[in-house]
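This is what each chain is made of:
2 protein chains.
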Amino acid sequence: MSLVKSFEWRYATKKYDTARKVDPAVLADLTETVRLAPSSFGLQPYKFLLIEDKAKLEEISRAAHGQPQITTGAHVMVLAVETDIDEKTVASYIDKAAIARQTERKNLEAREQFVNTVLSKLDYNQRIVWAEKQAFLAVGVFVSAAAEAGIDGVEVFYQTVKQDDPNTLVFFEVFKSQQALKDHLAADYTQAFFAGVKDKLAGKPASKILKEL
Amino acid sequence: MSLVKSFEWRYATKKYDTARKVDPAVLADLTETVRLAPSSFGLQPYKFLLIEDKAKLEEISRAAHGQPQITTGAHVMVLAVETDIDEKTVASYIDKAAIARQTERKNLEAREQFVNTVLSKLDYNQRIVWAEKQAFLAVGVFVSAAAEAGIDGVEVFYQTVKQDDPNTLVFFEVFKSQQALKDHLAADYTQAFFAGVKDKLAGKPASKILKEL
Ligand SMILES: Cc1cc2nc3c(=O)[nH]c(=O)nc-3n(C[C@H](O)[C@H](O)[C@H](O)COP(=O)(O)O)c2cc1C
Ligand SMILES: Cc1cc2nc3c(=O)[nH]c(=O)nc-3n(C[C@H](O)[C@H](O)[C@H](O)COP(=O)(O)O)c2cc1C
Numbered sequence: 001m002s003l004v005k006s007f008e009w010r011y012a013t014k015k016y017d018t019a020r021k022v023d024p025a026v027l028a029d030l031t032e033t034v035r036l037a038p039s040s041f042g043l044q045p046y047k048f049l050l051i052e053d054k055a056k057l058e059e060i061s062r063a064a065h066g067q068p069q070i071t072t073g074a075h076v077m078v079l080a081v082e083t084d085i086d087e088k089t090v091a092s093y094i095d096k097a098a099i100a101r102q103t104e105r106k107n108l109e110a111r112e113q114f115v116n117t118v119l120s121k122l123d124y125n126q127r128i129v130w131a132e133k134q135a136f137l138a139v140g141v142f143v144s145a146a147a148e149a150g151i152d153g154v155e156v157f158y159q160t161v162k163q164d165d166p167n168t169l170v171f172f173e174v175f176k177s178q179q180a181l182k183d184h185l186a187a188d189y190t191q192a193f194f195a196g197v198k199d200k201l202a203g204k205p206a207s208k209i210l211k212e213l
Numbered sequence: 001m002s003l004v005k006s007f008e009w010r011y012a013t014k015k016y017d018t019a020r021k022v023d024p025a026v027l028a029d030l031t032e033t034v035r036l037a038p039s040s041f042g043l044q045p046y047k048f049l050l051i052e053d054k055a056k057l058e059e060i061s062r063a064a065h066g067q068p069q070i071t072t073g074a075h076v077m078v079l080a081v082e083t084d085i086d087e088k089t090v091a092s093y094i095d096k097a098a099i100a101r102q103t104e105r106k107n108l109e110a111r112e113q114f115v116n117t118v119l120s121k122l123d124y125n126q127r128i129v130w131a132e133k134q135a136f137l138a139v140g141v142f143v144s145a146a147a148e149a150g151i152d153g154v155e156v157f158y159q160t161v162k163q164d165d166p167n168t169l170v171f172f173e174v175f176k177s178q179q180a181l182k183d184h185l186a187a188d189y190t191q192a193f194f195a196g197v198k199d200k201l202a203g204k205p206a207s208k209i210l211k212e213l
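Protein chains in written order, with full-length UniProt numbering: chain C, 1 to 213; chain D, 1 to 213.
Simulated from the structure, these hints should not be mistaken for lab results. Do not take every clue at face value.
Which copy? The list can't say, so a pair holds if one copy fits it or any two copies do.
[Said to hold, decoys possible] Derived lysine to aspartate or glutamate pairs resembling EDC-like cross-links, with alpha carbons at most 20 Å apart:
1. Lys162 <-> Glu173
2. Lys211 <-> Glu173
3. Lys121 <-> Glu132
4. Lys204 <-> Asp165
5. Lys211 <-> Asp165
6. Lys162 <-> Glu212
7. Lys211 <-> Asp164
8. Lys176 <-> Glu212
9. Lys15 <-> Asp84
10. Lys5 <-> Glu173
11. Lys5 <-> Glu212
12. Lys14 <-> Glu112
Chain C on its own, in the form it takes in the complex (with noise of 0.2 Å):
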């Protein structure tokens, strides 16, 4: 699949639907594939926040300007990064990797004394710096999945004809819930489609449900 459809399709809203939240399924998604971001060796010196408290709404969008994204979005995502970054960081980075890899410590010790030598040679304010950047790499991650994740819980969306029938539609459709599938048939934009439609079908449209495996 390729990404660039969902890009053309995102921006950055400012006035949202406050009835509305995200799907919880959806959220876990977004908060899985961030924490698979890839960051300079690995460290992911960061923590992404999910933020409901709201007097630190208020704090936060103060320190945004006042602007009211912060204080009417359904959630709200704070990407903050560690400030102490030394030997002791990079030691616990190290402990983890040997559970995860399955193999003892003392292998990745040469790893574990490279990352420290490069990190020697920034100071403490640059290390934060260096932190931040692979921040901003995981937000733009973040913005990914989340555009990949798009509106209405529709996943996948496919018109086409049969090759040798070109007069048969066929479409493939993949929803995240059986109330996106709801959400969806009620739409506005479905709604007009079918109405647009109407009279040009020679019959009614017939449909197969699939269960993924």
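Assemble the complex: chain C is given as a structure, and chain D with the ligands must be docked to it using the hints.
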């Protein structure tokens, strides 16, 4: 579509099949996606450079501790940030925005002033760091687009069963090109899959070729 599957699959490859290049259509998709990447104020103070000159690649490899990835990769993208970010940068962006939005320049001048005010609080080096962060965000988008483009031109792959007849398997597959389909059918994992299910099917699989509208 959810990006998470692509991130479960992707990793920082260190060794490459030097006989292969990325399909130009895929490469064009990647650069187009990055062109649409968001950035602070939309200023995109960076350029993606596709470097092919051998001597330049040797030079870059030396700057990257002599790592072989730079000289053995089929394509090397370098992300370079603007260094002189000032009122001229902003003016040129506003010029383009006026054209793109089909509005008079004067309608965007309040915006121009606001951006200049924010940037005026950053000194020369801080602006470069600011630009680098925007570039890292774009790298996150690029990595996402590359992960989504995947290997071997398979764009979409769904394995399903009919809900009311769970013994009927339905696969929906989308390929980047005829060649991508041929490559996929010839691939070891496809051959292994068909060998594995051969004795378990009631009949020979039938396929229908669809063309996207
Ligand atoms: C900004 C950045 C710089 C990187 N630099 C290098 C590098 O110089 N050499 C290298 O082999 N890998 C490099 N990597 C790859 C990371 O080590 C890798 O992304 C990380 O360990 C996570 O592993 P994964 O990408 O395979 O999930 C870099 C990654 C990022 C995001
Ligand atoms: C790092 C960053 C910070 C941003 N900060 C704000 C902001 O404070 N307020 C706002 O309305 N938009 C903000 N934006 C949105 C950008 O203005 C927007 O992404 C850019 O103009 C491109 O437009 P698009 O995202 O609609 O394609 C920010 C974007 C990025 C990437």
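Numbered hints the structure breaks, given as an ascending list: 9
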